[in-house]
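Asks: Sequence:
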Amino acid sequence: MHSSFTRLQNVFGFFTTVAFVLGAFIAATDLGSTRSPSGVIKTDNIQVVKGRPHYYSSKKEEYAIIRFSLEADLSSLFTWNTKQLFVYVTADWTGPGNTNNSAVIWDSIITNPSADHLQNIGPVAMKKLKRSAEGKAIAPERGILKLKNQKPKYQITHPSGKIAETSDVTLKLHYNVQPWVGLLTWNMDKSFGAWNAMKGGISDRFTLPALKTKDSKDKNSAKNKTKGKKP
Numbered sequence: 009m010h011s012s013f014t015r016l017q018n019v020f021g022f023f024t025t026v027a028f029v030l031g032a033f034i035a036a037t038d039l040g041s042t043r044s045p046s047g048v049i050k051t052d053n054i055q056v057v058k059g060r061p062h063y064y065s066s067k068k069e070e071y072a073i074i075r076f077s078l079e080a081d082l083s084s085l086f087t088w089n090t091k092q093l094f095v096y097v098t099a100d101w102t103g104p105g106n107t108n109n110s111a112v113i114w115d116s117i118i119t120n121p122s123a124d125h126l127q128n129i130g131p132v133a134m135k136k137l138k139r140s141a142e143g144k145a146i147a148p149e150r151g152i153l154k155l156k157n158q159k160p161k162y163q164i165t166h167p168s169g170k171i172a173e174t175s176d177v178t179l180k181l182h183y184n185v186q187p188w189v190g191l192l193t194w195n196m197d198k199s200f201g202a203w204n205a206m207k208g209g210i211s212d213r214f215t216l217p218a219l220k221t222k223d224s225k226d227k228n229s230a231k232n233k234t235k236g237k238k239p
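Position in the sequence shown counted from 1, then plus 8, gives you the numbering used here.
These aren't lab readings, by the way, just hints derived from the structure by calculation. Please note that a few of the clues may not be correct.
Simulated pairs of lysine-lysine, DSBU-like, Cα-Cα distance not exceeding 35 Å [said to hold, decoys possible]:
| id | residue 1 | residue 2 |
| --- | --- | --- |
| 1 | Lys67 | Lys91 |
| 2 | Lys135 | Lys159 |
| 3 | Lys156 | Lys68 |
| 4 | Lys220 | Lys91 |
| 5 | Lys91 | Lys170 |
| 6 | Lys161 | Lys68 |
| 7 | Lys161 | Lys91 |
| 8 | Lys180 | Lys207 |
Computed from a predicted structure; not experimentally measured.
Input sequences plus hints: build the corresponding full structure.
Replies: Quick look at the structure:
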């Protein structure tokens, strides 16, 4: 006869197998949901400044500050199995020796209405989120982004400390879907079944401006004074 421990172990193994199979089935249902994300992104204002990486550092580095506008429709990424969506924008360029450089300049987390309680937000914003989700499996405005002259969350630099006048820079929109059950999925370069690749989401190529020096500022101020004088 089997001992009580052996019987308990068999029951636990059976329910673990059932839970695993059920979870795999739930995750597989996402494959049939259509994904058709799209976005348009462009730069508004670009600056290159010089600053210290740490307050106690004597060495200064060049930092690029890129403001941008973004219109994106990521609502198709929200299904009943979507817990939250992580959206971020990167600046990408090719450096010396054909090295690929990528730096995040902005990001945001968009939760499913059923997961709003997991987000650390204020009570007023929480009431608005609950109100928008009343009677809806997924609020229709989730995943719709409209940003104008958006200030970046992060300034970008380079290990060399120099980034001014870098050419062929592009901004790119990315997303990461976190499901309730299943694997994390990122934006794809190619379509796969009902999952379509991102339509758009890449800006035109641009060049970072030169670093503004004290001499250039003095020249600009002198030109402005000259223009203001009457002949």
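Asks: If a hint holds in the structure, say so; if it does not, say that too.
Replies: Verification of the hints:
no.: 1; hint: Lys67 x Lys91; in the structure: violated (43 Å)
no.: 2; hint: Lys135 x Lys159; in the structure: holds (27 Å)
no.: 3; hint: Lys156 x Lys68; in the structure: holds (31 Å)
no.: 4; hint: Lys220 x Lys91; in the structure: violated (45 Å)
no.: 5; hint: Lys91 x Lys170; in the structure: violated (40 Å)
no.: 6; hint: Lys161 x Lys68; in the structure: holds (20 Å)
no.: 7; hint: Lys161 x Lys91; in the structure: holds (24 Å)
no.: 8; hint: Lys180 x Lys207; in the structure: holds (11 Å)
The earlier numbered hints that this structure contradicts are 1, 4 and 5.
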